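Single-letter residue listing:
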Amino acid sequence: MGNAYTRHYLTIWIWLLLLVLVSVTATSILPKLQALFLIFSVAIIKALLVARNYMHLKHERVIIYAIALVPLMFVIMLCFALFPDFVFHR
Amino acid sequence: MTDAAVDPERTHHHKLGFWRTYVFSTDHKTIARQYLTLGLLWAIVGGLLTYSMRWQLAYPETEVPGWGFIAPDVYNALVTMHGTIMVFFVAMPILLAAFGNFLIPLMIGAQDMAFPRLNMLSFWVFATASVVLLSSFFVPGGAAAAGWTGYPPLSAKAEYTGVGWGMNLWLLALALEFASFLMGGVNFLTTTMNMRAPGMTFFRLPLIIWMELTAAVIFMLSVGPLIAGAVMLLMDRILGTTFYLPEGGGEPLLWQHLFWFFGHPEVYVLLLPGLGIVLEVITVFGRKPVFGYRTIIYSTIVAGFLSFIVWAHHQFVSGMDPRLAMPFSITTIIISVPFAIVIFAIIATLWRASITFATPMLFAVGALGVFIFGGLTGIFNGSAPVDIYVHDTYFVVAHFHYTLFSAVFFGGFAGIYFWFPKMFGRMMNEALGKIHFWFTFILFNSVFIPMHLVGLRGMMRRIANPMQYEFLKPLQPLNQFITLAAIVLLLSQIAFVINVFWSLAGRKAAERNPWQANTLEWSAESPPPHGNFATTPVVYRGPYEYSSPEAADDWLAQNQPLVTAKAARQ
Amino acid sequence: MTTHTATASQTAIPSAKTGTWWFLASEIPVFGGLIASYVVLRLGGGGWAEAVSHVNFSLGLVNTFLLLTSSMTIVMAFAAVQDNNPQRTGAFLGLTVLLGLGFLVIKAIEYSTEITHGFVPSSGIFWSFYYGMTGLHALHVLAGISVNLVLWVTALRGSLAQHSYRVEAAGLYWHFVDIIWIFLFPLLYLT
Chain A
1 MGNAYTRHYL
11 TIWIWLLLLV
21 LVSVTATSIL
31 PKLQALFLIF
41 SVAIIKALLV
51 ARNYMHLKHE
61 RVIIYAIALV
71 PLMFVIMLCF
81 ALFPDFVFHR
Chain B
1 MTDAAVDPER
11 THHHKLGFWR
21 TYVFSTDHKT
31 IARQYLTLGL
41 LWAIVGGLLT
51 YSMRWQLAYP
61 ETEVPGWGFI
71 APDVYNALVT
81 MHGTIMVFFV
91 AMPILLAAFG
101 NFLIPLMIGA
111 QDMAFPRLNM
121 LSFWVFATAS
131 VVLLSSFFVP
141 GGAAAAGWTG
151 YPPLSAKAEY
161 TGVGWGMNLW
171 LLALALEFAS
181 FLMGGVNFLT
191 TTMNMRAPGM
201 TFFRLPLIIW
211 MELTAAVIFM
221 LSVGPLIAGA
231 VMLLMDRILG
241 TTFYLPEGGG
251 EPLLWQHLFW
261 FFGHPEVYVL
271 LLPGLGIVLE
281 VITVFGRKPV
291 FGYRTIIYST
301 IVAGFLSFIV
311 WAHHQFVSGM
321 DPRLAMPFSI
331 TTIIISVPFA
341 IVIFAIIATL
351 WRASITFATP
361 MLFAVGALGV
371 FIFGGLTGIF
381 NGSAPVDIYV
391 HDTYFVVAHF
401 HYTLFSAVFF
411 GGFAGIYFWF
421 PKMFGRMMNE
431 ALGKIHFWFT
441 FILFNSVFIP
451 MHLVGLRGMM
461 RRIANPMQYE
471 FLKPLQPLNQ
481 FITLAAIVLL
491 LSQIAFVINV
501 FWSLAGRKAA
511 ERNPWQANTL
521 EWSAESPPPH
531 GNFATTPVVY
541 RGPYEYSSPE
551 AADDWLAQNQ
561 PLVTAKAARQ
Chain C
1 MTTHTATASQ
11 TAIPSAKTGT
21 WWFLASEIPV
31 FGGLIASYVV
41 LRLGGGGWAE
51 AVSHVNFSLG
61 LVNTFLLLTS
71 SMTIVMAFAA
81 VQDNNPQRTG
91 AFLGLTVLLG
101 LGFLVIKAIE
111 YSTEITHGFV
121 PSSGIFWSFY
131 YGMTGLHALH
141 VLAGISVNLV
151 LWVTALRGSL
161 AQHSYRVEAA
171 GLYWHFVDII
181 WIFLFPLLYL
191 T
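Protein chains in written order, with the working numbering: chain A, 1 to 90; chain B, 1 to 570; chain C, 1 to 191.
In case anyone wonders, no lab produced these hints; they're calculated from the structure.
This structure is a prediction, so every number in the text was calculated from the model and none was measured.
In this text, a Cβ means the ideal position worked out from N, Cα and C, and glycines have one as well.
Each hint should be verified, as a subset may be incorrect.
Stated by the list, open to error - In silico DSBU-like cross-links for lysine-lysine, where the CA-CA straight-line distance does not exceed 30 Å:
id, chain 1, residue 1, chain 2, residue 2
1, B, Lys157, C, Lys107
2, C, Lys107, A, Lys32
3, B, Lys434, B, Lys508
To be verified - Here are some chain B residues the structure puts well away from chain C; computed CB gaps all over 10 Å:
id, residue
4, Trp124
5, Pro140
6, Ser299
To be verified - Across the chosen pairs, the derived CB separations fall in these ranges:
id, chain 1, residue 1, chain 2, residue 2, range
7, C, Val150, B, Ser318, 42 to 52 Å
8, C, Val150, A, Glu60, 23 to 33 Å
9, C, Thr116, B, Tyr22, 51 to 61 Å
10, B, Phe203, A, Phe80, 50 to 60 Å
11, B, Val131, C, Val150, 36 to 46 Å
12, B, Asp392, C, Gly44, 19 to 29 Å
13, A, Ala4, B, Pro246, 51 to 61 Å
14, C, Val150, B, Tyr22, 24 to 34 Å
15, B, Arg294, A, Glu60, 22 to 32 Å
16, B, Ile333, A, Leu72, 20 to 30 Å
17, C, Ala12, A, Ile44, 27 to 37 Å
18, B, Lys157, C, Gly44, 20 to 30 Å
19, B, Val131, A, Glu60, 39 to 49 Å
Start from the sequences, fold in the hints, and give me the full structure.
What follows is the structure, encoded as structure tokens:
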């Protein structure tokens, strides 16, 4: 059991490092807006890799997913609700 | 897990010393009683603050008997601390921590919480928070004075209120209180998910458990942004950051959003356990199943979800983007629907029930009436066009005292009178209980009905001396009447205090099930021993089988195996 | 009374895991609130780019590597404890602790450099957020290191085998702290 999992965890780690390098190079070679889009997409992918593989969400039941996802949804909603007051009005 | 044999683990008495049994206990029942005691003690403090505030309003710039002269900035501290204490140090510990801790393991048939040591830690963190908050009264500059809502810039800079350490200690006390209740929430949810007795499916849980769980989830998901905001406020005060200070690029309005994103769900965190207590009491004292068990659950969950998208109705006049007013008004009106459904279900439960008006039932029905009144004024407050006129007036104060009192006071006392035999092994005195109820009910309405009028005539919140305003002078007789009624209301609580000590000192022990109720806690001893049940209960049915045609009595316990008529004849 | 955190389970998800996930669910809005505030204030106002240019990008990058690697080492420790291999468990837990400490050391170096250059919390709105977000995160890293340290010591004594769920719970928390940094790094260092 150990070997199959450890190889998997190492693979994910390599991917994570590569993705960091992608983000870093993006800042120097891409124009500002594209770079930002890429960087934050990469961040989301990295977070998903850690959550699904290291936190084992891939194998967990729906309830655990719900416990993780519902607060995230509320936070994203809060962020957008703050736009009128702070992004559009400053 | 259908083990019906006696488990020696349960009956073995761990001989722990005084400190481990009564002070640093991991038993959920002891922890619950500790929370209840501390919450009731804080209620006395909160009541004393009420007394001095109301005296100041009725007879401004006179000496408050027993207290002394109150300067306007001291009045601000009184207002602030009254709100903070009542919400976070009375309502939360009594409704959530005390009742939740006591009832959850017992009602689901478990021996204790999933994490008993975490439970003990949560109480002692709360006790520490209490010490920190109490100490804030005695530091130079006095206690926090920026309102229980603590809006910056007033709260961000010490020189604006004259309060230095008092405000920092206030923030620290709140942070500790939040940590304590987050720990409690983890315990409540994990315990109920994982430790239900055999046969206790989710849809056989008593409704108070559903309410406590929903309240726990709401609290845990909503408090985060306020914790973030409070960290930012503390940094502004201590480290000179500028999160909320415009001169440093900060935004005072940000605090309001972060605060109310939590603040609004918080009021439902307080309300739901109160409604849960009402539901338990009315079924027992009406000898009737609850009407719409699943409807109540689904409505509660929907209301819980909606509670996260109504918060800016507290900010209609804050200067926020006016385009936010309509969506938040709409969501606020919508949230009244699931709550109305629950209220109709409660009324339908009472309809044609065989009602006994024992003290718990009086308080439960009182809670229902008071809540309906408060809910109705909420509709006015939630609509932006009306709120623009009533915001920051006593109309709002009257509204939220109706809704909060119903849950915390009437609901809380219904619960205390109902579960006192189980918690303390003694019955409370019925006559004193009825006196307590009638005085409280009549005087509460005497205080707060006129307060609506005072608010609609324009009296602002948080002012120390209404007499400085010409247009408020005609309201003085009303203010004085309110104060008089409030003082008598406070004094009436003595009936409860006497009842508690009288009952605890009583020699006659309470039976296991004095109310002939169905839920599992009534099959344990009064009070239950360590480990709660001699054997793991097995659950056969839901909690509200009252006046069932299948049973000989008008009640049928959840863990009572059913003997068929055929078997009974043999 | 025996602890029954991992055994008495009606839904077949051990209590330690359920409890940890509920705890994480409450932590998400804490950092979420901070990050949301940062995002909206930054998008709404100009003039932050100047301040941002003074953060130490290379040290931030090193910290990112340290934390990502420590996430890998702690999940390796979990695999090892399930494999009943106390030496590997101890080794990986020890590595995790060291990597975490390395993160904090570098953070301390960053802070002291910034402070000596005059970039203190009161230097403006960007620095308020920088110190607030990284400070709160660092406190969480410290808490995680303490937990991992206790587990490491338990592993060295060979008594961790029957508590594999503790490694999983500690791992969940540690991964959460890592995920927060996955977002803080681009927010504070790459923009």
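Legend entry - Non-conforming hints, listed in increasing numerical order: Numbers 10, 11, in rising order.
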